[in-house]
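Q: If you want the building blocks of each chain, they are given just below.
Number of protein chains: 2
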Amino acid sequence: ETIDTPVFELKETLTGKYGEDSKLIYDLKDQGGELLSLRYDLTVPFARYLAMNKIQNVKRYHIAKVYRRDNPAMTRGRFREFYQCDFDIAGQYDAMIPDAECVKLVSEILNQLDLGEYIIKINHRKVLDGMFAACGVPDDKFRGACSAVDKLDKTFWDDVRAEMIQEKGIDPIAVDKIGKYVELKGRTELIDKLLEDEAMKAQKSAVEGLEDLRVLFKYLELYGITDKVVFDLSLARGLDYYTGVIYEAILQGFAHNPKAGADGDESVSVGSVAGGGRYDGLVGMFDSKGKKVPCVGVSIGVERVFAIMESRALASNTKTRTTETEVYVVSAQKNLVEERMKICKELWDADIKTEQSYKRNPKALDQFQYCETNSIPIAIIIGGSEIEMGVVTLRIVGSREERTVQREKMVEEIKSVLANLN
Amino acid sequence: ETIDTPVFELKETLTGKYGEDSKLIYDLKDQGGELLSLRYDLTVPFARYLAMNKIQNVKRYHIAKVYRRDNPAMTRGRFREFYQCDFDIAGQYDAMIPDAECVKLVSEILNQLDLGEYIIKINHRKVLDGMFAACGVPDDKFRGACSAVDKLDKTFWDDVRAEMIQEKGIDPIAVDKIGKYVELKGRTELIDKLLEDEAMKAQKSAVEGLEDLRVLFKYLELYGITDKVVFDLSLARGLDYYTGVIYEAILQGFAHNPKAGADGDESVSVGSVAGGGRYDGLVGMFDSKGKKVPCVGVSIGVERVFAIMESRALASNTKTRTTETEVYVVSAQKNLVEERMKICKELWDADIKTEQSYKRNPKALDQFQYCETNSIPIAIIIGGSEIEMGVVTLRIVGSREERTVQREKMVEEIKSVLANLN
Chain A
1 ETIDTPVFEL KETLTGKYGE DSKLIYDLKD QGGELLSLRY DLTVPFARYL
51 AMNKIQNVKR YHIAKVYRRD NPAMTRGRFR EFYQCDFDIA GQYDAMIPDA
101 ECVKLVSEIL NQLDLGEYII KINHRKVLDG MFAACGVPDD KFRGACSAVD
151 KLDKTFWDDV RAEMIQEKGI DPIAVDKIGK YVELKGRTEL IDKLLEDEAM
201 KAQKSAVEGL EDLRVLFKYL ELYGITDKVV FDLSLARGLD YYTGVIYEAI
251 LQGFAHNPKA GADGDESVSV GSVAGGGRYD GLVGMFDSKG KKVPCVGVSI
301 GVERVFAIME SRALASNTKT RTTETEVYVV SAQKNLVEER MKICKELWDA
351 DIKTEQSYKR NPKALDQFQY CETNSIPIAI IIGGSEIEMG VVTLRIVGSR
401 EERTVQREKM VEEIKSVLAN LN
Chain B
1 ETIDTPVFEL KETLTGKYGE DSKLIYDLKD QGGELLSLRY DLTVPFARYL
51 AMNKIQNVKR YHIAKVYRRD NPAMTRGRFR EFYQCDFDIA GQYDAMIPDA
101 ECVKLVSEIL NQLDLGEYII KINHRKVLDG MFAACGVPDD KFRGACSAVD
151 KLDKTFWDDV RAEMIQEKGI DPIAVDKIGK YVELKGRTEL IDKLLEDEAM
201 KAQKSAVEGL EDLRVLFKYL ELYGITDKVV FDLSLARGLD YYTGVIYEAI
251 LQGFAHNPKA GADGDESVSV GSVAGGGRYD GLVGMFDSKG KKVPCVGVSI
301 GVERVFAIME SRALASNTKT RTTETEVYVV SAQKNLVEER MKICKELWDA
351 DIKTEQSYKR NPKALDQFQY CETNSIPIAI IIGGSEIEMG VVTLRIVGSR
401 EERTVQREKM VEEIKSVLAN LN
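Chains A and B, in that order, are what the protein sequence lines are. Residue numbering for the first sequence follows our numbering, starting at 1 and increasing by one per position. Residue numbering for the second sequence follows our numbering, starting at 1 and increasing by one per position.
Everything labelled a hint here was simulated from the structure, so no lab data went into it. Quick reminder that beta carbons are idealized off the backbone N, C-alpha and C, glycines included. Treat the hints with caution; some may be incorrect.
[What the hints assert, rightly or not] Cβ pair distances, simulated, as ranges:
no., chain 1, residue 1, chain 2, residue 2, range
1, A, Lys-409, B, Val-215, 27 to 33 Å
2, B, Ala-419, A, Lys-415, 51 to 57 Å
3, B, Thr-320, A, Lys-180, 52 to 58 Å
4, A, Gly-32, B, Lys-319, 37 to 43 Å
5, A, Asp-30, B, Asn-420, 56 to 62 Å
6, A, Ala-313, B, Asn-71, 44 to 50 Å
7, B, Glu-413, A, Phe-306, 36 to 42 Å
8, B, Asp-114, A, Glu-1, 22 to 28 Å
[What the hints assert, rightly or not] Using 30 Å as the maximum straight-line C-alpha spacing, the simulated BS3-like pairs for lysine-lysine come out as follows:
no., chain 1, residue 1, chain 2, residue 2
9, A, Lys-65, B, Lys-185
10, B, Lys-359, A, Lys-54
11, B, Lys-342, A, Lys-353
12, A, Lys-363, B, Lys-291
13, B, Lys-342, A, Lys-65
14, A, Lys-11, B, Lys-342
15, A, Lys-291, B, Lys-363
16, A, Lys-23, B, Lys-23
17, B, Lys-29, A, Lys-23
18, B, Lys-218, A, Lys-363
19, B, Lys-54, A, Lys-65
20, B, Lys-23, A, Lys-29
21, B, Lys-228, A, Lys-345
22, A, Lys-204, B, Lys-415
23, B, Lys-11, A, Lys-23
24, A, Lys-193, B, Lys-59
25, B, Lys-54, A, Lys-59
26, B, Lys-65, A, Lys-65
27, B, Lys-218, A, Lys-345
28, B, Lys-59, A, Lys-363
29, B, Lys-334, A, Lys-59
30, B, Lys-218, A, Lys-409
31, A, Lys-177, A, Lys-154
32, B, Lys-23, B, Lys-292
33, A, Lys-228, B, Lys-359
34, B, Lys-359, A, Lys-201
35, A, Lys-11, B, Lys-11
36, B, Lys-342, A, Lys-193
37, B, Lys-59, B, Lys-29
38, A, Lys-359, B, Lys-201
39, B, Lys-363, A, Lys-415
40, A, Lys-345, B, Lys-11
With the hints as constraints, model all of the structure from the sequences given.
A: Right, dumping it as structure tokens:
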């Protein structure tokens, strides 16, 4: 299914869902009536929608704009208004079946878009929590540790380590233990190894998370994408509402290079193009009785994908046509605007995408130039002699080949030329 | 071309463009930075976009949401957030060629949507101004007279007359003269008659407008839509920025009946589904040097069109499918989730739209019920014996016809069945 929700939500709906980033929410002015804010993502509105409409299960996608009062970075595809494309599966189902489908979907999309090599990093909130506990981080510092680890894709471990110790007040011994774990990457062999790890296997949360991941990796193998996924203990994802599996897709050619510095080489720092995870508690926050609807989903960063595709098109000098016009009706002499209109009507009626000049007596050169500039494949040319003889001249713009066509055969001939050109 | 503009504009961009309706604009809260408002229509953002990007000519469409702090009326398709679909032609061209194309386009769209009989009312701001002058209305009261006449599609002449006299302070003799003119409807014969009318032909503005309309009706005849258009002197359209031809498409079965009263029979009061006109001065308001770009365009009221299509579908009990799933993979026994996943992968890889249950061991009945509820045409059924024999059972959900298919022929067979069903 596809759904659409309003661009604004009640302000209170968004409150407390985005941690530190809440300061980036756009509020509407109080003009009387409800206090409103522009949506910050598509996930919270989706959860609100499910709770409000008492929907227990649905699989939906939603492509729409979201709003953040952030510093824009055009070349990285970061704007204050930008599209997100979300896919979510809501419902009380068996472990990892919907989760595996979300990861498979990301992989299918990235394959189809042909953006080059990518890897989907996978982790689990319970594994993270178990890992923090195993390292000796107290419960109330999990969140802080998690948001520090989340920065590992942008900065060096030394900076993250300093943040954990100095800002988050975590014991250096615990931090150094974390440092060993977050280096780990692998697949089922790593899952098995961690299930044997003395410190980890003592944590119920870690074991539950690892068991989930074992099932997930089995399913991903059946879906044929084992080589596209990696279990990565450094993946944290900042949002508060995740409760289970989390994942993020990174384009390999565009991975952020910390050495480039904060402002260096922005044009290739668009690595992360999709991310998501399981959020089983969010819908319940909007239900008067707290009734939960488990959900798992993914957001595709459409703008980042477009930024990459555009820079590639520019680099390869590929010209992208932005119109679909098939035929341009050209008058080779003056005072033929009415004849052109008759031809346009005939072609429009035959569902052929047709344009003409909006001038009464356009110059022939300007009309041909328009065809070239806009890559219009066919020109239909009329002059006095054509009208007298009941014919038109059909020109293939690309090859400049011309042929004379009987007026009553015109539509048929154009359709056959178009079919051959495609 | 299609373009996209942000959902918010600088507040000052929208100021002074919508007359009395400006009070319906949503403003954003001042959180530091520019003062912003949500767009009220797509025309003003388009004009701002042209001026800012120094675009002299373009033909674009734009489908997007606009925002009005109005009283919603769900059944009439009136919301605070609603889609508009705009088509505009910008550029310095010869008279009435782009204007005729806009009217032709409205006609094509309404024909395609098959919403029933409709009529496109046409008038001209210069004809209206000339008419007011001819009736003895002073210049400074044109705008007031115009906004009163604009209500004629919703109320009786007596009410409009009272408003002109009491609220707008127009001389009753002038008002009664206006009353005679606004009754007039016709085509070229009416244009000719008014060009002979003593009072009208004394007004330069009226003559210019009528000459434009004569050319327009000639072009519309060439475009084959004379029977769909009518020159109607009661058409005014409220927006300040129109400078030339104006038009509005009314569905005949849904014309507003003033006798039904303000709240009566709302469900059929969606008569007007498209409107537009020429606005030659708007772009210049956003250009630092006041450089004008003449424009003409039309807005389609997508929400109203949908309201009509939905009520028709409801009335005729037509079930609209909201998903495109072609195949549902059913397991007839327990412990076959991994087999289902293998089949899903195979079908997805072959671009067949496929779903399965997210439960490990769903009940057979639930799975078939899902197919029926969602009008999924094909079920692929697997059980222990199918797997052993290397086959699947293909069921046509509609006819319940079943056949056994070799596993390696499955994709081919599904494609052939789908081709036959379509």
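Q: Each hint should be assessed against the structure and marked as holding or not.
A: Structure-based check of all given hints:
In this structure the supplied range 27 to 33 Å holds for A/Lys-409 paired with B/Val-215, their Cβ-Cβ distance being about 31 Å. The given range of 51 to 57 Å is broken by B/Ala-419 and A/Lys-415, whose C-beta atoms sit roughly 23 Å from each other. Between B/Thr-320 and A/Lys-180, the C-beta spacing of about 56 Å keeps the proposed range 52 to 58 Å intact. Checking the proposed 37 to 43 Å range against A/Gly-32 and B/Lys-319 shows it holds: the Cβ atoms sit about 41 Å from each other.
Separation of A/Asp-30 from B/Asn-420 is about 60 Å and conforms to the stated range, judged on CB atoms against 56 to 62 Å. Range check, A/Ala-313 to B/Asn-71: Cβ separation about 47 Å, and the 44 to 50 Å hint holds. Our hint of 36 to 42 Å for B/Glu-413 and A/Phe-306 holds, since their Cβ atoms are close to 39 Å apart. Taken as a hint, the range 22 to 28 Å holds for the pair B/Asp-114 and A/Glu-1, whose Cβ atoms sit roughly 25 Å apart.
The suggested pairing of A/Lys-65 with B/Lys-185 is violated, with an alpha-carbon distance near 45 Å, which exceeds 30 Å. The straight-line distance between the Cα atoms of B/Lys-359 and A/Lys-54 is roughly 21 Å, inside the 30 Å bound, and the hint therefore holds. For a cut-off of 30 Å, the pair hint linking B/Lys-342 to A/Lys-353 is broken: about 43 Å separates their Cα positions. Of the pairs offered as hints, the one joining A/Lys-363 and B/Lys-291 holds, with about 25 Å between alpha carbons and a cut-off of 30 Å not exceeded.
The suggested pairing of B/Lys-342 with A/Lys-65 is violated, with an alpha-carbon distance near 35 Å, which exceeds 30 Å. Taken as a hint, the A/Lys-11 and B/Lys-342 pair is broken in the structure, with Cα atoms around 45 Å apart against an allowance of 30 Å. A hinted pair counts as satisfied when its Cα atoms are at most 30 Å apart, and A/Lys-291 with B/Lys-363 qualifies at roughly 25 Å. Between A/Lys-23 and B/Lys-23 the alpha-carbon distance is near 28 Å, which keeps this suggested pair within the 30 Å criterion.
For the suggested pair B/Lys-29 and A/Lys-23, the alpha carbons sit about 13 Å apart, so the restraint of at most 30 Å is met. At most 30 Å may separate the alpha-carbon atoms for a hinted pair to count; B/Lys-218 and A/Lys-363 meet this at roughly 23 Å. With a C-alpha separation of about 26 Å, the suggested pair B/Lys-54 and A/Lys-65 falls inside the 30 Å cut-off, and the hint holds. For the hint linking B/Lys-23 to A/Lys-29, the alpha-carbon distance of about 13 Å falls within 30 Å, and the restraint holds.
For the given pair, B/Lys-228 sits about 15 Å from A/Lys-345 by alpha-carbon distance, which is consistent with the 30 Å threshold. Between the alpha carbons of A/Lys-204 and B/Lys-415 the distance comes to roughly 48 Å, so the proposed pair goes past 30 Å and is violated. As the CA atoms of B/Lys-11 and A/Lys-23 are separated by approximately 22 Å, the hinted pair is consistent with the 30 Å bound. Among the hinted pairs, A/Lys-193 with B/Lys-59 is inconsistent with the structure: their alpha-carbon atoms are about 62 Å apart, more than 30 Å.
Between B/Lys-54 and A/Lys-59 the CA atoms are separated by roughly 44 Å; this puts the pair beyond 30 Å, and the hint is violated. For the suggested pair B/Lys-65 and A/Lys-65, the alpha carbons sit about 11 Å apart, so the restraint of at most 30 Å is met. A threshold of 30 Å between alpha carbons decides the hint, and for B/Lys-218 with A/Lys-345 the separation of about 14 Å falls inside it, so the pair holds. At roughly 20 Å between alpha-carbon atoms, B/Lys-59 and A/Lys-363 fall within 30 Å of each other, so this suggested pair holds.
With a CA separation close to 24 Å, the supplied pair B/Lys-334 and A/Lys-59 stays within the 30 Å bound. The suggested pairing of B/Lys-218 with A/Lys-409 holds, with an alpha-carbon distance near 26 Å, which does not exceed 30 Å. Straight-line distance between C-alpha atoms of A/Lys-177 and A/Lys-154 comes to about 21 Å, which keeps the hinted pair within the 30 Å bound. Between B/Lys-23 and B/Lys-292 the CA atoms are separated by roughly 27 Å; this keeps the pair inside 30 Å, and the hint holds.
The straight-line distance between the Cα atoms of A/Lys-228 and B/Lys-359 is roughly 25 Å, inside the 30 Å bound, and the hint therefore holds. About 28 Å separates the Cα atoms of B/Lys-359 and A/Lys-201, which keeps this hinted pair within 30 Å; it holds. For the hint linking A/Lys-11 to B/Lys-11, the alpha-carbon distance of about 21 Å falls within 30 Å, and the restraint holds. For a cut-off of 30 Å, the pair hint linking B/Lys-342 to A/Lys-193 stands: about 28 Å separates their Cα positions.
For the given pair, B/Lys-59 sits about 34 Å from B/Lys-29 by alpha-carbon distance, which is inconsistent with the 30 Å threshold. Under the criterion of a C-alpha separation no larger than 30 Å, the hint pairing A/Lys-359 with B/Lys-201 is consistent with the structure, at around 28 Å. Proximity of B/Lys-363 to A/Lys-415 is assessed by CA-CA distance (about 52 Å); at most 30 Å being required, the pair is judged violated. Taking the CA atoms of A/Lys-345 and B/Lys-11, the gap is about 42 Å. The hint is violated against a cut of 30 Å.
Figure legend: structure checked against the earlier numbered hints; hints not met, in rising order: 2, 9, 11, 13, 14, 22, 24, 25, 37, 39 and 40.
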